[in-house]
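Generate coordinates for the entire structure from the input sequences, incorporating the hints supplied.
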Amino acid sequence: MSFFISFLPIIYAGIVVVIGIFFSYILSMIAGFIWGLIFFLATFLFALLIVNPKTYPWKYIVPAFLLMFMFMIYPIIYTIQIAFTNYGTGHILTKTQVIEQLEKETFLPENTQNFKYEIYKSKIGDILLLFKDENNNIYKVEDKKLIKIAEGDFPSEYAGYKLLPQTQKYSEISKLQNLKIEIGNGIFLQMSDLNNFSTYKQRYKYIPEEDVLIDNLTGEKLVPQNGFFVRPNGQEILPGFVTYVGLENFLRLFKDERVSKPFVRVFTWNVLWATLTTFINFAFGLFLALLMNDKNLKFKGIYRTLLIIPWAIPSFISLLIWVGLLNTEVGVVNRILSSLFGVKIPWFLETKWARLALFIVNLWLGYPYAMTVCLGSLQSIPEELYEAAKVDGASYFQQLKNITLPLLLTAIGPLIVGTFAFNFNNFNVIYLLTGGKPPMADVSSVAGTTDILISYTYKLAFEGGRGQDYGLAATISIIVFIIVASLSLFNFWISGMFKREVRYE
Amino acid sequence: MKKILILSLLLIIVFSLSQAAVPGKITIWTSEAQVKALREFVKNFSNKYGIPVEVNEVSFSDIKPKFITSAPTGEGPDIIVGAHDWIGELVVNGLLLPIDFLPKNVLDQFTPVTLQAMSYGGKLYGIPYSMEAVALIYNKNLVPNPPTTYESLVRIAKNLTKGGIYGFLYDYNNFYFSFPFFSALGGYVFKETPNGLDPLDIGLANEGAIKGVEKLVNLFKEGILKQGVDYQTTTSLFSEGKLGMMINGPWEIDNIKKAKINYGVAKLPKIDGKPMRPFVGVQGFMINSRSPNIAILKTFALEVLATKELELKLFETDPRILARKDAYRVVSSNPDIKAFGASAADGIPMPNIPEMGPVWSYMGDALTLITSGKKAPDVALKEAVAQIKDAILKARK
Chain S
1 MSFFISFLPI
11 IYAGIVVVIG
21 IFFSYILSMI
31 AGFIWGLIFF
41 LATFLFALLI
51 VNPKTYPWKY
61 IVPAFLLMFM
71 FMIYPIIYTI
81 QIAFTNYGTG
91 HILTKTQVIE
101 QLEKETFLPE
111 NTQNFKYEIY
121 KSKIGDILLL
131 FKDENNNIYK
141 VEDKKLIKIA
151 EGDFPSEYAG
161 YKLLPQTQKY
171 SEISKLQNLK
181 IEIGNGIFLQ
191 MSDLNNFSTY
201 KQRYKYIPEE
211 DVLIDNLTGE
221 KLVPQNGFFV
231 RPNGQEILPG
241 FVTYVGLENF
251 LRLFKDERVS
261 KPFVRVFTWN
271 VLWATLTTFI
281 NFAFGLFLAL
291 LMNDKNLKFK
301 GIYRTLLIIP
311 WAIPSFISLL
321 IWVGLLNTEV
331 GVVNRILSSL
341 FGVKIPWFLE
351 TKWARLALFI
361 VNLWLGYPYA
371 MTVCLGSLQS
381 IPEELYEAAK
391 VDGASYFQQL
401 KNITLPLLLT
411 AIGPLIVGTF
421 AFNFNNFNVI
431 YLLTGGKPPM
441 ADVSSVAGTT
451 DILISYTYKL
461 AFEGGRGQDY
471 GLAATISIIV
481 FIIVASLSLF
491 NFWISGMFKR
501 EVRYE
Chain D
506 MKKILILSLL
516 LIIVFSLSQA
526 AVPGKITIWT
536 SEAQVKALRE
546 FVKNFSNKYG
556 IPVEVNEVSF
566 SDIKPKFITS
576 APTGEGPDII
586 VGAHDWIGEL
596 VVNGLLLPID
606 FLPKNVLDQF
616 TPVTLQAMSY
626 GGKLYGIPYS
636 MEAVALIYNK
646 NLVPNPPTTY
656 ESLVRIAKNL
666 TKGGIYGFLY
676 DYNNFYFSFP
686 FFSALGGYVF
696 KETPNGLDPL
706 DIGLANEGAI
716 KGVEKLVNLF
726 KEGILKQGVD
736 YQTTTSLFSE
746 GKLGMMINGP
756 WEIDNIKKAK
766 INYGVAKLPK
776 IDGKPMRPFV
786 GVQGFMINSR
796 SPNIAILKTF
806 ALEVLATKEL
816 ELKLFETDPR
826 ILARKDAYRV
836 VSSNPDIKAF
846 GASAADGIPM
856 PNIPEMGPVW
866 SYMGDALTLI
876 TSGKKAPDVA
886 LKEAVAQIKD
896 AILKARK
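Protein chains in written order, with the numbering used here: chain S, 1 to 505; chain D, 506 to 902.
Accuracy of the hints is not assured; some may be wrong.
Stated by the list, open to error - Where chain S lies over chain D, by a calculated footprint (3+ residues, C-beta under 8 Å):
1. 551 to 560
2. 595 to 603
3. 795 to 803
4. 854 to 865
Hints were generated in silico from the structure; no laboratory data involved. Since this is a predicted model, take the numbers as computed values, not measurements. Cβ coordinates follow ideal geometry from the N, Cα and C atoms, glycine included.
Dropping the structure here:
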């Protein structure tokens, strides 16, 4: 066994190299040989790090850094980059791809011709195509010209090439279907379907020196503008391409009335929501934790398990169940309320009730976390402090106020800040429970009265004008990130101040 | 050893996931319902030309997003089976091949509304295979004879609504289901022009639309529709046998059958003698513009995708209203298909242009404000239309 273990690093390195070779092969196919080589050298170096005992720690550090880069830093860089582009519906191909696609477009020249074709093969496997027009003239193509060689049926053999039997004809299709055979005057032959070739002309031609596209049909020069090739009369050619638009997305956010008008209201509710829901969850979690921590309580394990359950159910499922429970007409909650008190609460229809519903449901989703965190911290508070307090004659509430709470808050302060940031961006709860509704009646905006910044901006970017607007979405997420980061910093600063006041005496 | 096993397994998964378009082979993405029938049907073509056809199962809601991300990099399939309202977005992204190669005598075989739905900017971008539209689904035990007019709907529903039984409910805040009220008296989403739909001519706040929506509000005044009802409420009440009538589509029939409800399907009632015209959704085959197999696909489209035989084969496992007239005639003996077909015949294709995005959200909001009594129909609709226009103009810059 120990013999095997001593070989582990080498096996590990071997696997790394194998994966490296595999991916550098793929990479060199996609991105070019150089990238493949760089990737391979990098993995090879890493394999060396693993095998060498002196660089032992690197075998843990390097993958960690790599993963951090892949999953945290790269997405951030990518998001920032996208915020400066028009990436979105209508602009998802790159300029090169659009040019490639437009250059494939064809038009039929005057007197377009249709040809039947046959495939001929020489002994060494060279391929020759012969074409037959509608008047039974047989042609071959040489020096970009159609040359008539016979009339009537296709010959069974021509210049050492043998006619391919019908059964094998279609096996060569994958080679033939993208052939463009020039026959002069800018006209070429291309497969129109499995059995025919037709004459075409290329519609667009890109001139890299001038960065313009020439339309061969109209003779117009198309210039790239705002992510489209544009005709002189202003008509945009589909599809558009991704291009950098500078600060446009940011300007749009500030200039657009749909955004700036409801922004303050959405923001106020968002802060209120994040603060209150975090406070309620932790207050309730702490209350339960204090109960659970009571030495006289029996069956603690059962209670704890039961109380953790809301945490164990995926929030998607419990949220959808809550939507049903709170249904105005047929929901269980209203049925009970109406049979007991004769009232039907318009959950989700009135702003105040919708907000209350959000707080209740998020309490259900969030208290287990708060409780678990508080329980853990409570158990780490030294018992002697309470004993000393008892000796001094302190009451339960005095102990709670002077020992438990200060020590607890020091420990869980950062977690509260984290929960605040999480709730600030708690898209799931808002989107699945109320969807931001009810709508604001007095402001003409897509925003609803329970929308928070992230759900509101989701609506703006994805349900706004025309399909998906990733550029705008990225811009907004950067701004939301700045807001959350500064609020969190502020909170940390507050809790840091708090920390200094605690004295262990 | 275990590690290597897991790794090789991973590699196999990575390979099998890349169901990309390969020269000389046709790859099709379709959802579960069509996979088996399609696989069997394409064998003929494969054998005739020696060209392999691979049919991959992708869940319906994943097809469009996956296609949008994979097609630009050349990883997408040659053909997808999708809904016509994807077409606008896919076309402006440059991902669909115009279907300009099908001869007129083939196109003439299709119900015109299906071709209209599959077109964008005056060009056809998909080969229709089936369509769907909502209709009035009723519980025969509660409603022996379905209403044919709005007045009789009100009467029947009002008599039924009591003691935990509801006469008529549907997901009224969803613009899709409420559109028939807009369309009955002359409302429309976007004006039809020879070059496609005009996104700046919106008819959702014209006289007809407002009158129609007032008829919807009247259902609340009569105590028929209730606050807070949504899709889930409607379908669960219907399956429990507590709902007389609802507006819903053919996709719900399976669930109703499972719940053993004695149901019937009828056309939506007429308002002032005019039919309530539902949105028609069309499913069909779309071709990847970046496929390396265009020439093969043109033949494939003609010999396989646009045929009556394929539609009938697909009907065997997944009964739908078929898009070809000759195929529909064969299957219209099925009463459900016939009723939904009749409803679709009155319908209007759901707009397929990307500008439909803000229509869904703003009209949903407007309906919420109207049905909860916060705003009058004319005010809410006019505001919503102004907002939609504004959103469309802003997105254009």
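Now for the hints, and whether the structure bears them out:
Coverage of a stretch by a chain is defined here by at least three residues with a beta carbon nearer than 8 Å to that chain's beta carbons; for the stretch 551 to 560 of chain D and chain S the count is 3, and the condition holds. Under a criterion of three residues with beta carbons nearer than 8 Å to beta carbons of chain S, the stated coverage of the stretch 595 to 603 of chain D is upheld, 5 such residues being counted. Check result for the stretch 795 to 803 of chain D against chain S: holds, 7 residues qualifying (beta carbon to beta carbon below 8 Å, three or more required). Here's how the stretch 854 to 865 of chain D fares: 5 of its residues keep a CB closer than 8 Å to some CB of chain S, so the rule of at least three is met and the hint holds.
The structure shown violates none of the earlier numbered hints.
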